[in-house]
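Trainee: So the chains spell out like this:
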Amino acid sequence: MTSKVYVALRVKATPARAFAVFTGEIGAWWRPSNLFQTTPRAPGRLAFDDGRLIETLASGKVFEIGRVLAWEPPERLVFSWRQASFPPDLTTEVEVRFEAVGDETRVSVEHRGFHQVPADSAARHGFPDAALLARLAAYWQDQIAAVGARVELR
Amino acid sequence: MSAVCYRDPRAALTYLEAAFGFEISMLIEDDNGNVVHSEMRFGNAVVMIGHEWSEDHKSPLSIGGKNTQTVHIQIDTDVDAHCERARAAGFEIIVPPETQFYGDRTYRCRDPEGHIWTVAQPVIAVTREAAEASTGLKITGWV
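In order, the protein sequence lines correspond to chains A and B. Take the first sequence: its position 47, counted from the start at 1, is 47 in our numbering, and no numbers get skipped. Take the second sequence: its position 101, counted from the start at 1, is 101 in our numbering, and no numbers get skipped.
Warning: the hint list may mix true and false statements.
[What the hints assert, rightly or not] Quick list of in silico lysine to any residue cross-link-like pairs, SDA-like style, CA-CA up to 20 Å:
hint: 1; chain 1: B; residue 1: 58; chain 2: B; residue 2: 35
hint: 2; chain 1: B; residue 1: 58; chain 2: B; residue 2: 11
hint: 3; chain 1: A; residue 1: 12; chain 2: B; residue 2: 128
hint: 4; chain 1: A; residue 1: 12; chain 2: A; residue 2: 76
hint: 5; chain 1: A; residue 1: 12; chain 2: B; residue 2: 70
hint: 6; chain 1: A; residue 1: 12; chain 2: B; residue 2: 23
hint: 7; chain 1: A; residue 1: 12; chain 2: B; residue 2: 46
hint: 8; chain 1: B; residue 1: 138; chain 2: B; residue 2: 128
hint: 9; chain 1: A; residue 1: 12; chain 2: B; residue 2: 2
hint: 10; chain 1: B; residue 1: 58; chain 2: B; residue 2: 2
hint: 11; chain 1: A; residue 1: 12; chain 2: B; residue 2: 21
hint: 12; chain 1: A; residue 1: 12; chain 2: B; residue 2: 45
hint: 13; chain 1: A; residue 1: 61; chain 2: A; residue 2: 27
hint: 14; chain 1: A; residue 1: 12; chain 2: B; residue 2: 138
hint: 15; chain 1: A; residue 1: 12; chain 2: B; residue 2: 43
hint: 16; chain 1: B; residue 1: 58; chain 2: B; residue 2: 70
hint: 17; chain 1: A; residue 1: 61; chain 2: A; residue 2: 81
[What the hints assert, rightly or not] Derived coverage of chain A by chain B (criterion: at least 3 residues anywhere in the stretch with Cβ under 8 Å from a Cβ of chain B; other residues may be distant):
hint: 18; region: 7–13
hint: 19; region: 133–144
These aren't lab readings, by the way, just hints derived from the structure by calculation. Note that CB positions come from ideal geometry on N, CA and C, so glycine has one too.
The shape of chain A in the complex, shown without the other chains (with noise of 0.2 Å):
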C-alpha cells in the first residue's frame, strides 16, 4: 500500500472554472515553499504543457515535475510528482477531483507515496513520516486556498 494525503477545500466557482483556473493559471497562483522545493533554484513559473507539469526557471532551464497520467475536465486530473532531489527512480502521484456542492466546487487533492522519500533525503527535511506527511497536507491545503482566491478574480 501507498501512504495519501488528502485535503479539500470548497471554492467559489463551477468545476469546469476551478479546473480551468488550476490547469491553465498555475503559474499565476502556485505558492512556491521551501520545504517542498521543486528545483533547488529560486522558484520559477509552473504550467501544464503538452501533457507534463513543468516549471521554467529564470534562467530559461525547464523542470519536469510531473506528467499527465488523467486528464478529464471538469473532474478529474492526475499527475505524477518529483522534486529534483528525490532520487532518480522515485515518483509519487496527485490526483486533483472538481466536485460540484450546490453553486460551490469541492477541490480536492491527493498525493499518493510521499513516504517512499528516503530518510536521508534532502527532500525530507529529516522529518518523521507523520510530520512529513502533515506538512505535505498542509502545503496542498494552502495551494488549493491559492485556486479559491484565484477563482474570485473574475
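Guided by the hints, dock chain B onto chain A, whose structure is given.
Mentor: Chain B alone, transformed into the frame defined by chain A:
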C-alpha cells in the same frame, strides 16, 4: 478546535458526513492504510477525527459510554431537519428538538461510538432581561 477520539476513525468520517454534512478537509494515511490524522470542515469550523492514540485518549466506546467533553454545533437552518438526518444516519436522538429559554432550538444525539453532540439553531430573539425573568437566573455576559 476539537479533536474527537474514535476506535474506528474511518467509519466516523463516513457517518459524520452522513449525519451532519461534515466534509473531510484533511485525511492522512500511512503506507499501511491507517488513518494518521484527519479533519472535517463544517462551514468555517474544523473538527479533528482521531484514533485512541494514547492511553489517555479514549472513545466513549472504551470507557463505558462516558463523555468528558461534548461538541456543540451551531447552525442557522432547520434544526428539526438536521435531527432527522442524524437519526437516519443511525445516531441515537437523546433529546429531540425543543426550544430553550435563551431562544435556541436544540437537540442532543449520540453517535455510534457514544460521543454526544448538541445541535442548536437560534429561532427566537430573547433579551437578557427576559431570560432572567423567565428563569430567575442572574446572567452576566449576555450582550
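Trainee: Each hint: holds or not?
Mentor: Hint by hint, here is what the structure shows:
For the hint linking residue 58 of chain B to residue 35 of chain B, the alpha-carbon distance of about 16 Å falls within 20 Å, and the restraint holds. With a C-alpha separation of about 16 Å, the suggested pair residue 58 of chain B and residue 11 of chain B falls inside the 20 Å cut-off, and the hint holds. In summary, the hint linking residue 12 of chain A to residue 128 of chain B is not supported, as the alpha carbons are separated by about 38 Å, beyond the 20 Å threshold. A distance of roughly 18 Å separates the Cα atoms of residue 12 of chain A and residue 76 of chain A; the hinted pair therefore holds under the 20 Å criterion.
At roughly 32 Å between alpha-carbon atoms, residue 12 of chain A and residue 70 of chain B are farther apart than 20 Å, so this suggested pair is violated. A C-alpha spacing of about 16 Å is found between residue 12 of chain A and residue 23 of chain B, which places the hinted pair at or below 20 Å, so the restraint holds. Restraint check for residue 12 of chain A and residue 46 of chain B: satisfied, since their Cα atoms lie roughly 19 Å apart, inside the 20 Å limit. For the hint linking residue 138 of chain B to residue 128 of chain B, the alpha-carbon distance of about 9 Å falls within 20 Å, and the restraint holds.
Taken as a hint, the residue 12 of chain A and residue 2 of chain B pair is broken in the structure, with Cα atoms around 27 Å apart against an allowance of 20 Å. Proposed proximity of residue 58 of chain B and residue 2 of chain B is supported: the alpha carbons are some 14 Å apart, at most 20 Å. Distance hint between residue 12 of chain A and residue 21 of chain B is fulfilled; the C-alpha atoms sit about 18 Å from each other, no more than 20 Å. Of the supplied pair hints, the one linking residue 12 of chain A and residue 45 of chain B holds, its CA atoms being roughly 18 Å apart against a limit of 20 Å.
Restraint check for residue 61 of chain A and residue 27 of chain A: the C-alpha separation of about 15 Å stays at or below 20 Å, so the hint holds. Using a Cα cut-off of 20 Å, the hinted pair residue 12 of chain A and residue 138 of chain B is violated, with the two alpha carbons roughly 45 Å apart. This hinted pair checks out: residue 12 of chain A and residue 43 of chain B have alpha carbons roughly 13 Å apart, not beyond 20 Å. Of the supplied pair hints, the one linking residue 58 of chain B and residue 70 of chain B holds, its CA atoms being roughly 14 Å apart against a limit of 20 Å.
Distance restraint check for residue 61 of chain A and residue 81 of chain A: the Cα-Cα separation of roughly 18 Å lies within the 20 Å cut-off, and the hinted pair is therefore satisfied. For the region 7–13 of chain A, the stated coverage by chain B is satisfied: 4 residues place a CB nearer than 8 Å to a CB of that chain, which reaches the threshold of 3. Coverage of a stretch by a chain is defined here by at least three residues with a beta carbon nearer than 8 Å to that chain's beta carbons; for the region 133–144 of chain A and chain B the count is 4, and the condition holds.
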